[in-house]
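Chemist: Read off the chains here:
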Amino acid sequence: MTDRHAISVLVRNDPGVLQRVSGLFSRRGYNIDSISVGDSGQEHLSRMTVGAPGQEHLSRMTVVARGDEPQIRQICSQLGKLLDVVKVEPLSGKPTIERELLLVKLTAEPEKKAELLSLIETFRSSIVDVAPRTLIVQAVGDRDKNDAFLRLLRPYGILEIARTGETAMLRG
Amino acid sequence: MKELKKEDRVTGSEILLRMLLLEGVECVFGYPGGAVLYIYDAMHDNPDFRHLLTRHEQGAIHAADGYARSTGKIGVCLATSGPGATNLVTGIATAHMDSVPLVIVTGNVPSDLIGTDSFQEADIVGITQPITKHNFFVRRVEDLARTIREAFQIAGTGRKGPVLIDIPKDVSAALTKFVYPERLRLRKITPSEPADELSTQMVRLIEAIRASERPVLLAGGGVVYSEAADELDEFVRVTGIPVVTTLLGLGGYSSESELWLGMGGMHGAYAANEALIRCDLLISVGARFDDRVTMRLDGFAPNALIAHIDIDAAEIGKLVPTVLPLRGDAKEILADLNRRIGSELHRTADVRDWIDLLLRYKREIPLSYEHSASMLKPQYVIEMISRTTAGEAIVTTDVGQHQMWTAQFYRFKRPRSLITSGGLGTMGFGFPSAIGAQIGNPDRIVVSINGDGGMQMCAQELAVCAINRIPVKIVVLNNGTLGMIKQWQELIYDRRYSHIDLDGSPDFVKLAEAYGVAAGRATSNEEAESEWQKALAEPGPYLIDFVVSRDELVYPMVPQGAKLQDMILGRECP
Numbered sequence: 001m002t003d004r005h006a007i008s009v010l011v012r013n014d015p016g017v018l019q020r021v022s023g024l025f026s027r028r029g030y031n032i033d034s035i036s037v038g039d040s041g042q043e044h045l046s047r048m049t050v051g052a053p054g055q056e057h058l059s060r061m062t063v064v065a066r067g068d069e070p071q072i073r074q075i076c077s078q079l080g081k082l083l084d085v086v087k088v089e090p091l092s093g094k095p096t097i098e099r100e101l102l103l104v105k106l107t108a109e110p111e112k113k114a115e116l117l118s119l120i121e122t123f124r125s126s127i128v129d130v131a132p133r134t135l136i137v138q139a140v141g142d143r144d145k146n147d148a149f150l151r152l153l154r155p156y157g158i159l160e161i162a163r164t165g166e167t168a169m170l171r172g
Numbered sequence: 001m002k003e004l005k006k007e008d009r010v011t012g013s014e015i016l017l018r019m020l021l022l023e024g025v026e027c028v029f030g031y032p033g034g035a036v037l038y039i040y041d042a043m044h045d046n047p048d049f050r051h052l053l054t055r056h057e058q059g060a061i062h063a064a065d066g067y068a069r070s071t072g073k074i075g076v077c078l079a080t081s082g083p084g085a086t087n088l089v090t091g092i093a094t095a096h097m098d099s100v101p102l103v104i105v106t107g108n109v110p111s112d113l114i115g116t117d118s119f120q121e122a123d124i125v126g127i128t129q130p131i132t133k134h135n136f137f138v139r140r141v142e143d144l145a146r147t148i149r150e151a152f153q154i155a156g157t158g159r160k161g162p163v164l165i166d167i168p169k170d171v172s173a174a175l176t177k178f179v180y181p182e183r184l185r186l187r188k189i190t191p192s193e194p195a196d197e198l199s200t201q202m203v204r205l206i207e208a209i210r211a212s213e214r215p216v217l218l219a220g221g222g223v224v225y226s227e228a229a230d231e232l233d234e235f236v237r238v239t240g241i242p243v244v245t246t247l248l249g250l251g252g253y254s255s256e257s258e259l260w261l262g263m264g265g266m267h268g269a270y271a272a273n274e275a276l277i278r279c280d281l282l283i284s285v286g287a288r289f290d291d292r293v294t295m296r297l298d299g300f301a302p303n304a305l306i307a308h309i310d311i312d313a314a315e316i317g318k319l320v321p322t323v324l325p326l327r328g329d330a331k332e333i334l335a336d337l338n339r340r341i342g343s344e345l346h347r348t349a350d351v352r353d354w355i356d357l358l359l360r361y362k363r364e365i366p367l368s369y370e371h372s373a374s375m376l377k378p379q380y381v382i383e384m385i386s387r388t389t390a391g392e393a394i395v396t397t398d399v400g401q402h403q404m405w406t407a408q409f410y411r412f413k414r415p416r417s418l419i420t421s422g423g424l425g426t427m428g429f430g431f432p433s434a435i436g437a438q439i440g441n442p443d444r445i446v447v448s449i450n451g452d453g454g455m456q457m458c459a460q461e462l463a464v465c466a467i468n469r470i471p472v473k474i475v476v477l478n479n480g481t482l483g484m485i486k487q488w489q490e491l492i493y494d495r496r497y498s499h500i501d502l503d504g505s506p507d508f509v510k511l512a513e514a515y516g517v518a519a520g521r522a523t524s525n526e527e528a529e530s531e532w533q534k535a536l537a538e539p540g541p542y543l544i545d546f547v548v549s550r551d552e553l554v555y556p557m558v559p560q561g562a563k564l565q566d567m568i569l570g571r572e573c574p
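As given, the protein sequences belong to chains A and B, one line each in that order. The first sequence begins at 1 in this note's numbering and counts up by one. The second sequence begins at 1 in this note's numbering and counts up by one.
Note that these hints are calculated values from the structure, not bench results. Note that the coordinates shown come from a computational prediction; the quantities given were computed from them, not determined experimentally. Just to be clear, a hint being listed does not mean it is correct.
Residues of chain A clear of chain B, computed beta-carbon distances all greater than 10 Å [unchecked claim]:
#, residue
1, G16
2, L91
3, R151
FRET-style restraints, in silico, Cβ to Cβ [as the list claims (entries may be wrong)]:
#, chain 1, residue 1, chain 2, residue 2, range
4, A, S22, B, T388, 49 to 57 Å
5, A, P15, B, G24, 41 to 49 Å
6, A, E43, B, S118, 33 to 41 Å
7, A, D14, B, M1, 25 to 33 Å
8, B, H346, A, D39, 38 to 46 Å
9, B, P130, A, I158, 43 to 51 Å
Ideal Cβ placement from N, Cα and C applies to all residues, glycine included.
Let the sequences and hints guide you as you build the complete structure.
Modeler: Shown next, in the form of structure tokens:
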């Protein structure tokens, strides 16, 4: 069974760390749906650098991979071997919050505007840019919700889509 | 090393050499170039620092690799930026596949030129990311000492491997105070298994051994690397479990032991492969179920419970479903198992029929070849070398038929005796790795066994042997062809031979002599014996061109994509 699994990876904020992680996926032939990375706000407290003051900043990477259970276990083990990886936490099967930011640029035809606004309202999304002929809609949700939203937006004339890929966190 | 005063400022190059000496490095194998000029300049002021100039960067890294595999210490090599660094790539991948601890230092262009496509610039950190255990780009001279210590720690602990340090030229020139790095920026690389989890698995394993009617142990390179040979010996003595070794495991369990069945896999012994096929319990120690050992996975130990002792969690369950995972150091786990078992196993099952069967196979279907009085056979040469060195030499090989014959016919008695590129299968490895092995083991006989193809991939290092009087005994099994490729084309591609003739090879005797290495040629059994005695008696390096029969095939053979049970025995087998 090939499922989507989110894996949360805490990494050292060193140059090249994204390449190390993405390179691992490509060379081992693992299927990756999305990868997102940002500051975790955490610092690596256990060991200080010599000669360089300050602590190491850690980034949180969320990788969404496809595979069965053994494949995901293997991916986690391989990730754990990277020296820049501080912690690997597979999130599937656990209560998590998964969110993705979606930006969609649409043609704004006046006759359909009211309908469009109600759809945007229903999905609790918002308009973040209005131009004479286009507008940009922003939505935040898990992937399924954003997929559904996109399907409903299609008839209104989608010009561009930008998605961040999911980032995730354990509940509680 | 010159004593430094606290306020003294030294260059990054000086720090590098001091750190290497403090790490106990005996010899650095290297090749200079523009980006490492400061480092080579600093060698003038450090007479304790030993550097061996090879004739190609690939020779340097294979030599460092041979040094590391044969001594258990960390091998070090040094090269310049761009082409110097990229010439190391094959050697880095070779070491990475076989978990060999190396520290590789490369120079790079000055920091302000990085990323500008400047002369001799290559992104060696990017290039080597997939083939190193870790790599570093040193941005500031203040980080250099710590980075070097970290590199040695990473290379030499847990599952070992190559670590590359890339140093831009301005960093090797920059001045700073030398402070020995007491604190490192490393997390624990191999977090140990919770003790109670490991303990539970050991109890389960011992129960499984007691209940097993057809147990077998598969010993891999991990036994050699973790120095677990004594513990393995004791384990086998008490449990009576027969042993199959992988290519890299050879020597980890003595070939002279009664319960040794031979190497398993594609060119494995009959008894060894039968054991792998029919066992009901397979205990793998430091082996990673390479496809050349397992062949098609559904034919590998299909009815066995698999126990896997490995230091690398990612190896357990990677290819073969493992019921009993034991993550940790092979030496420690075997020692613990031995303590728990004590002097008596208390079996609940009878293994006598199984052992009798396997020993009968070992006796009645041994590795063999058709002897010839008129023609020199490559297997004969290997047997002769084994006999005359009593299995005590360090033997390096290249890749191909001669490598498999060495694995089959040299009777390895102790660990770190066979130096061979198992995972990557690197041609050109056999000769330079012997130079490193001899540097690390000046008192042992080091024999380098090569084909006539691979010998030409790093032959330039003959100069290093000659000028430094490194007494490697260089064997060329010369059959005028790329033998293993020919074998596959013969057996699998319907004799449609394609580009396997090595016509135009040099006269190897003249080639050696041109470099100042003594040499001789043998074309018969008698000449082989007498030339070999000359080689052994020669205090310096010696090359023998053994002109051997062209049509020998390595048997048994399991074709790629087939199961172990589809083993072809060859006409000489009974």
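Chemist: A separate judgement is required for each hint: does it hold in the structure or not?
Modeler: Do the hints match the structure? See the list:
1. G16: For G16(A), whose nearest Cβ neighbour in chain B is about 7 Å away, the distance does not exceed 10 Å, so it is violated.
2. L91: 19 Å, holds
3. R151: 39 Å, holds
4. S22(A) x T388(B): 49 to 57 Å: For T388(B) against S22(A), whose Cβ atoms are near 53 Å apart, the range 49 to 57 Å holds.
5. P15(A) x G24(B): 41 to 49 Å: Violated, at about 30 Å.
6. E43(A) x S118(B): 33 to 41 Å: For E43(A) and S118(B) the Cβ distance comes to about 36 Å; the hint holds.
7. D14(A) x M1(B): 25 to 33 Å: This hint holds: roughly 31 Å between Cβ atoms.
8. H346(B) x D39(A): 38 to 46 Å: Taking Cβ atoms as reference, H346(B) and D39(A) lie about 58 Å apart, which means the hint is violated.
9. P130(B) x I158(A): 43 to 51 Å: 38 Å, violated
When each numbered hint is compared with the structure, violations occur for hints 1, 5, 8 and 9.
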